[in-house]
Amino acid sequence: MSLIYRRRANQPSFTHVLNDYMGEIKPFVKRINKKRLLIPLVVLKSIEWSIYRWYKTPIRRFYGVKGNELIYMITKRCNEKCAKCGIWKTPEKESEHIDISIFIDCLKTLHENLYQVTITGGEPLLFKDDVLTIAEESRKHDIQLITVTNGVLLTEEFLEKYAKLKHILVISIDTLESEKWIQFRGNDTFEKAIENIKLAKKYLGDNFQIQSVLASESAPDIPKLKAFCKELKIKHVIQPYMDFGGVWNVTKTENIPFKEFSCAARKNICIYPNGDVVKCFDHRRIPLAKEPLGNIAKEDIIQILCKKRSTEVSKIMKTCDFPCKHMSCNVPEIVYN
Amino acid sequence: MSFLIIPCYIKTNWDIDCLNRLLKSVQNQTRTFEKVYVIDDSSPLDYHLNFSFVEHIKLSKNGGPAKARNIGIDKALAENAKYILFTDHDCILDSQWNQNMTEFLEKTEFGAVGGMTHSYGKTLYDYYHDINGTLNGKWLLPHRKELWYMPSLNFGMKANVANEFYFDERFPTAAGEDVDLCLRLRSKYKIGFCPKAKLWHDFGYKSTVTGFKRFIRLFKKYKSSSATLYEGHTVLLWDSSESIYSGNAYEFNI
Numbered sequence: 001m002s003l004i005y006r007r008r009a010n011q012p013s014f015t016h017v018l019n020d021y022m023g024e025i026k027p028f029v030k031r032i033n034k035k036r037l038l039i040p041l042v043v044l045k046s047i048e049w050s051i052y053r054w055y056k057t058p059i060r061r062f063y064g065v066k067g068n069e070l071i072y073m074i075t076k077r078c079n080e081k082c083a084k085c086g087i088w089k090t091p092e093k094e095s096e097h098i099d100i101s102i103f104i105d106c107l108k109t110l111h112e113n114l115y116q117v118t119i120t121g122g123e124p125l126l127f128k129d130d131v132l133t134i135a136e137e138s139r140k141h142d143i144q145l146i147t148v149t150n151g152v153l154l155t156e157e158f159l160e161k162y163a164k165l166k167h168i169l170v171i172s173i174d175t176l177e178s179e180k181w182i183q184f185r186g187n188d189t190f191e192k193a194i195e196n197i198k199l200a201k202k203y204l205g206d207n208f209q210i211q212s213v214l215a216s217e218s219a220p221d222i223p224k225l226k227a228f229c230k231e232l233k234i235k236h237v238i239q240p241y242m243d244f245g246g247v248w249n250v251t252k253t254e255n256i257p258f259k260e261f262s263c264a265a266r267k268n269i270c271i272y273p274n275g276d277v278v279k280c281f282d283h284r285r286i287p288l289a290k291e292p293l294g295n296i297a298k299e300d301i302i303q304i305l306c307k308k309r310s311t312e313v314s315k316i317m318k319t320c321d322f323p324c325k326h327m328s329c330n331v332p333e334i335v336y337n
Numbered sequence: 001m002s003f004l005i006i007p008c009y010i011k012t013n014w015d016i017d018c019l020n021r022l023l024k025s026v027q028n029q030t031r032t033f034e035k036v037y038v039i040d041d042s043s044p045l046d047y048h049l050n051f052s053f054v055e056h057i058k059l060s061k062n063g064g065p066a067k068a069r070n071i072g073i074d075k076a077l078a079e080n081a082k083y084i085l086f087t088d089h090d091c092i093l094d095s096q097w098n099q100n101m102t103e104f105l106e107k108t109e110f111g112a113v114g115g116m117t118h119s120y121g122k123t124l125y126d127y128y129h130d131i132n133g134t135l136n137g138k139w140l141l142p143h144r145k146e147l148w149y150m151p152s153l154n155f156g157m158k159a160n161v162a163n164e165f166y167f168d169e170r171f172p173t174a175a176g177e178d179v180d181l182c183l184r185l186r187s188k189y190k191i192g193f194c195p196k197a198k199l200w201h202d203f204g205y206k207s208t209v210t211g212f213k214r215f216i217r218l219f220k221k222y223k224s225s226s227a228t229l230y231e232g233h234t235v236l237l238w239d240s241s242e243s244i245y246s247g248n249a250y251e252f253n254i
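Going line by line, the protein sequences match chains V and Z.
Residue 296 in this note's numbering is what sits at position 296 of the first sequence, and the numbering runs on without skipping anything.
Residue 221 in this note's numbering is what sits at position 221 of the second sequence, and the numbering runs on without skipping anything.
Bound conformation, chain Z alone:
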């Protein structure tokens, strides 16, 4: 009973290719999803999806990824979903991603789970993100038994948790809304880490030479959300944490 929610905002043909590539990996899962929602956040580009298992919801007005995910959560809860998983259109799932994420939520007391994210590309920037853990979760120090936060591209929640903690729709872009959710969620539940649940994220760098601007833009976007987070989370924000990479990724055995 796991449902997958994919928010998307399709601006270019590259985005369409990414989405199709993701849906192929969704199709190849060893454990199938009960439902897959692709929530189109009023994309400027028109496109059609040839995957019968997908429920394609097109929003009439652009509201940001948080709103798109919340619409997916509402639909999943209405259909009695037990586990709600999230990824982004520029990701590719490992064939056992759903199995590992869902089993983790089934077998542990954690309210939410994050998986291991690798870079899809082969540029210097991709290698940087891999060892930097840019889009991986962060261990809560000093024990490394739970996550401080987990980016929403490789994330899952139990239905009761999702019912209590929605994404804050006042975050206009895909930056900070997942950190915010995790900080609130951790007031009541814990976020576990499942290194076996792997996926690859395509940062979209064409080459090391031409990717520099994209690299700068990415961190500027993340920084732009941080002022908002500082204001809302003056207490929790400074908990010590450490980003996850292949060198410190292990499953804390509870």
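Chain V extracted, bound-state conformation:
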């Protein structure tokens, strides 16, 4: 499927509809042996196509296969100024930050379809109470929660409560050298972060992980980080660098082969701090997805996901071949109930 520009946010273009129609009709016509029946059969096929395209059916219920991941960018605000990331440069205003109850309603509505909830940012621990509220709600529905943090704002009180809920916490660090740390993070928080890593390991055990971003700037530090994690028996995850407004560079040594798999981001339901819903935080690469699919503060999440454009975007993601498909959130991993 080609990437086709939209005319309006919620409506695919005429070209898009035409392409869809021709994509159905052309292979069908090849199947017709009785040429005298060509026209009536094409008419019938067009009717079938129209029914599937235009006939509106009520949403009867939410069916429960746990195939989706709900990713909540709880805030764009951050206590650090990492060079690898530019999200902190555009913090949301207070009026653009939805109340936690709206997200919780969304989680409750979707829970039958979720195998995982991920909280990211910005720095999620600027909203510790909200993170714990989400953690409690996720546990009620037996859904795994992963919180990704820079680790600086962790406290024993938070860890104690978080550990009881048996969720996963990920701290993102890219170096163990204090001087480089300041370059990477923009703040002298090395000592505090390392102290909190040890604290997190103590409270969370195997539910604690460290994540590093592989870029040309951090590549020399990755082996040292690996060894550090091995020594402390902490699971270490490496993510390739992606441009989210940062100023780092993709490492040449990274050389990730383009694997023959489709981007799995269409399993994801991503929520921005203001409640905007997208299928992928990198959605602006897809013209049809330049605008969010909806906003959970204004519409029901199911209504948003059942919009025609939502399924159109999912279709396009099937053939997405952007580098971001290598990120862990976009690699196919489906958990069934």
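Treat the hints with caution; some may be incorrect.
Pairs of lysine-lysine, DSSO-like flavour, derived with a Cα cap of 30 Å [to be verified]:
1. Z/198 <-> Z/11
2. V/26 <-> Z/11
3. V/307 <-> Z/221
4. V/26 <-> Z/58
5. V/34 <-> Z/213
6. V/108 <-> V/230
7. Z/188 <-> Z/58
Computed, partial: chain Z to chain V, Cβ under 10 Å [to be verified]:
8. 64
9. 127
10. 223
If you're looking for bench data, these hints aren't it; they were derived computationally from the structure.
Glycine included, every Cβ here is placed at the ideal spot set by N, Cα and C.
Following the hints, position chain Z against chain V.
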């Protein structure tokens, strides 16, 4: 050790005729079924079956074809069935249908199997369904080595697979529940295609002129289930597939 499950909801005399016609074709199988269950989903019409080999189970409350099939699966598993096959009351089996379906499951690693479905009638709509592959399975592209899904009217599963993957009883009608089952089943097993296992499905079109409404109703019913499927299978639903018809039906030789 293959068991046949036929869910049915009998509303008219035509449905009764269809069911009797199907059971005659079941009787004429070259390889007989260990057991044949006709699960009546609380039909409004009273009727009697004159086939001694049939275990006729009448449900007290209408629960949809998924529930009826699950009741059949439970019974078959309780009697140590090895292979569980499914068809619908408006089908007619080829005399070697059971032999081909069961042999396929016996000799291959596939967890489930689908056969080749032809239209029984001779109207334009029947011809349309034949070349459209409306009630045939879909090849999983690009390799065409396994099926993306197979409609439950010409379908079979190994007992261990059926034990793990039941039909979802929340599907109220005969639309979407088979697609849903296949999508879940494919997370662990593969569905093979056996073109030799033929059956004919009677869509019930009386003529090309009078059948139009029925044609529209059929696709509206299928579409009505798709919203439900979109919600549950946002990932797998968009795997590329191609409906099977006589022009692309072949047995992938593993």
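Evaluated hints:
Straight-line distance between C-alpha atoms of residue 198 of chain Z and residue 11 of chain Z comes to about 26 Å, which keeps the hinted pair within the 30 Å bound. Pair hint residue 26 of chain V plus residue 11 of chain Z does not hold up; C-alpha atoms about 39 Å apart against a cutoff of 30 Å. Distance check on the hinted pair: residue 307 of chain V and residue 221 of chain Z sit about 20 Å apart at the alpha-carbon level, within 30 Å; holds. The suggested pairing of residue 26 of chain V with residue 58 of chain Z is violated, with an alpha-carbon distance near 46 Å, which exceeds 30 Å.
A threshold of 30 Å between alpha carbons decides the hint, and for residue 34 of chain V with residue 213 of chain Z the separation of about 24 Å falls inside it, so the pair holds. For a cut-off of 30 Å, the pair hint linking residue 108 of chain V to residue 230 of chain V is broken: about 38 Å separates their Cα positions. For a cut-off of 30 Å, the pair hint linking residue 188 of chain Z to residue 58 of chain Z is broken: about 33 Å separates their Cα positions. The beta carbon of residue 64 of chain Z is not positioned within 10 Å of any beta carbon in chain V (closest approach about 13 Å), and the interface hint is therefore violated.
Because the smallest distance between the Cβ of residue 127 of chain Z and any Cβ of chain V comes to about 7 Å, under 10 Å, the interface hint for this residue holds. Among the interface hints, the one on residue 223 of chain Z holds; its C-beta lies about 5 Å from the nearest C-beta in chain V, closer than the 10 Å criterion.
In the structure shown, a violation is registered for the earlier hints numbered 2, 4, 6, 7, 8, in ascending order.
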